[in-house]
Amino acid sequence: QGSTEIYGRINLTAERQELNGAKDTGIYDNSSRIGIRGTEDLGGGLKAGFVIEHGFNADTGAAAGAMWGRESTVSLGGSFGTIRLGNMPASEGYFATADYVSMHNHDTGSSADALYGFVAIAGTLNSAIAYTSPTVNGLRFDLQYGLKENVKPDAPLSMAVNYDAGAMHLGLGYEEYDGQKSTALRGLWEMGAITVGGYYERGSGTVSYNNFRIAGMYTMGASEFHLNLGKRSGENGLADGDQFTVAYNYNLSKRTRVHVFYTNLDLANGAVDFSSYGVGLRHNF
Amino acid sequence: QGSTEIYGRINLTAERQELNGAKDTGIYDNSSRIGIRGTEDLGGGLKAGFVIEHGFNADTGAAAGAMWGRESTVSLGGSFGTIRLGNMPASEGYFATADYVSMHNHDTGSSADALYGFVAIAGTLNSAIAYTSPTVNGLRFDLQYGLKENVKPDAPLSMAVNYDAGAMHLGLGYEEYDGQKSTALRGLWEMGAITVGGYYERGSGTVSYNNFRIAGMYTMGASEFHLNLGKRSGENGLADGDQFTVAYNYNLSKRTRVHVFYTNLDLANGAVDFSSYGVGLRHNF
Amino acid sequence: QGSTEIYGRINLTAERQELNGAKDTGIYDNSSRIGIRGTEDLGGGLKAGFVIEHGFNADTGAAAGAMWGRESTVSLGGSFGTIRLGNMPASEGYFATADYVSMHNHDTGSSADALYGFVAIAGTLNSAIAYTSPTVNGLRFDLQYGLKENVKPDAPLSMAVNYDAGAMHLGLGYEEYDGQKSTALRGLWEMGAITVGGYYERGSGTVSYNNFRIAGMYTMGASEFHLNLGKRSGENGLADGDQFTVAYNYNLSKRTRVHVFYTNLDLANGAVDFSSYGVGLRHNF
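Residue numbers (this note's numbering), protein chains in the order written: chain A, 284 to 568; chain B, 284 to 568; chain C, 284 to 568.
Bound conformation, chain A alone:
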């Protein structure tokens, strides 16, 4: 019926992990998912749409959280922008900043950004309403608001601005929930074979922190060489953190890729000392 389509991604890595001295070797999932989406042209520039997206662990076959925990929304769009209702994925503030620069593995799995402060976390942006502006001169604005509903301690809020101008891509993200705030600024530049991006995040509230990340990619034919570095300075007892990943991706096609990586995460003088060597296969469908 119309444009209904199935889409998804399976992303599995074989990894040799070490956490505080304990070693393990396994097959690990990297946010595998399947979704169904569709749009309907209503005429007069109006468009209706829906997305339901299910996350699962392809290593075990188990659902990851609620059945449609990654998204279940219905939307109405037009020249005024798009309004969405339902259960939202991670905040637009996150997508505009931390997610945007995590190029080597879509910010999933054991090398995902462990230092970004998810404030309006995925689980709270249910019963939510969102507005996405049209893109005007490269500029787009997003607003998400989750209803409190006598259930949550607070109503989560996230805002984002994305700006694209040729090779330059800027983003601003804001999240706020239950007394905790996160504001982040992101930049990414495409310079031929080289892409460099990064973000700075300021978190404040019960815990406060400054969080920096820089990521670079060098592309050569089907090969991508990645470097990703993050550093968080914690306050109010939040641990300092350091994270880095080096990765090599080989694109067998636009949809399918093999990759190898090494990632390392240190929190607070060894409270967490994690590292992993991985090799993986990612297939989009």
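Take these hints with a grain of salt, some might be off.
One copy or two, it doesn't matter: identical chains are merged, so the pair holds either way.
Said to hold, decoys possible - Listed next, the in silico DSSO-like pairs over lysine-lysine satisfying Cα-Cα at most 27 Å (straight line):
1. 514 / 306
2. 435 / 464
3. 464 / 514
4. 435 / 306
5. 306 / 431
6. 464 / 431
Hints listed in this document are in silico derivations from the structure and should not be mistaken for laboratory results.
Got chain A; can you put chains B and C on it based on the hints?
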């Protein structure tokens, strides 16, 4: 393979609800669902088919009950009618009566019929067998029987007759389970822009009641104006009930609609006093 | 997008069962399932693919185990064979032997082989890696290895060889997990309207056993007449067992079939005495 298709509906409403003085504002789900169905022409007038239908709460992304709790059946049809096996949705008795006249929002969400007595409730019509007759001169007969299986206290039974003659649509429903019975008669008339329907249900058993409902719709272009009134007189301690809903639906297309409503439910001298103002978006796919 | 397709099977039987004298009549599921799979041609003889398969009980609508408990894998194939990662279904050793000869109802439901020793059981072949060789002169080799991951007591292993030469089909299966082993040899011959197959399995470890099964099918037009006999001699306290099934299948099409059967299982002098008369409808999609 053949005719397998995905179908479904997302229906969310933003509501201001009040229950016995306690107020809440939220985004609420109205029986959102996704299903997969298909048919196969076996030749000689025979047809095989299947339906699996999953209900979920689009506000949170959580499954609503069992994975295929709304239906999972396989069927074989021919000139003799159709036989279905499996897990059935709500009873045919319900579909022929209460569901049929609940035109303003498919009998879902906070304005759904709260007074109809679901006897052979959805959860019991599993491990069931159903027969649907062919439609002859506008007349169709349905029978559903759920096997007891050393698990249920009783074997649920539901029967329905549907009769269509031009503008007149009549239905008779019967449900029986574990000592409780429901018999209901429904009529609905289409008179140009005006549609008027209603049903009367007699329940008897552990609790007994008389239940009346009338519903009217006035259509003007893409607009629908709805009024829906229900009244139950309880016996054996079952609460009396009153329910009414006024609604305005605007059809953006056959599949997509925006709507506003006010609904009010009173049970037994204020034991339940519920009301809600809502605005919603429903998208079929 | 490309070749993504939905497939599945609903298989329900109405049965009169008797277990150790207790009788029950019901509608029972026979491993109903729905899956989504796809492949992508990567050029140069390479192919990527994925399978996610969900099992459910069509009699109740409930999921059978983990959401994608039947399989969730991604694969990469070429002239070297195929490598798969993820959550695997039952072992290749099982598919090459016990499953292969269970022709009357796909080794599902109450007449499924109750005597085969699942050693590398389905639930353990998660976080697994598998290799399937190309088929050369009718010969194919399979290897499955589940990672232990500081979670399982042992790493499950399964191997299989399949050999096809005209009317003759041979298979060898091996499974090993946590000190228990199973080795089985299977043969199946197609002789016109008659197909005869069987396997012998030797299990050893905590329990040991010899397990024999023979199955025959006589085909006449759309009709199939089946006989299936199994006998297990247990050691180390494992019960002896006898099982037999007679079945008649009528194929309405390649996808849809009705069938009747009688099955009987005896374990250890009446510790389990099970029998069932069934009639069913199976529809593949």
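Against the structure, the hints:
| no. | hint | in the structure |
| --- | --- | --- |
| 1 | 514 / 306 | within (24 Å within a copy, 45 Å between copies) |
| 2 | 435 / 464 | within (16 Å within a copy, 41 Å between copies) |
| 3 | 464 / 514 | within (19 Å within a copy, 50 Å between copies) |
| 4 | 435 / 306 | between (38 Å within a copy, 15 Å between copies) |
| 5 | 306 / 431 | between (42 Å within a copy, 12 Å between copies) |
| 6 | 464 / 431 | within (17 Å within a copy, 41 Å between copies) |
Violated hints: none; the structure is consistent with every hint.
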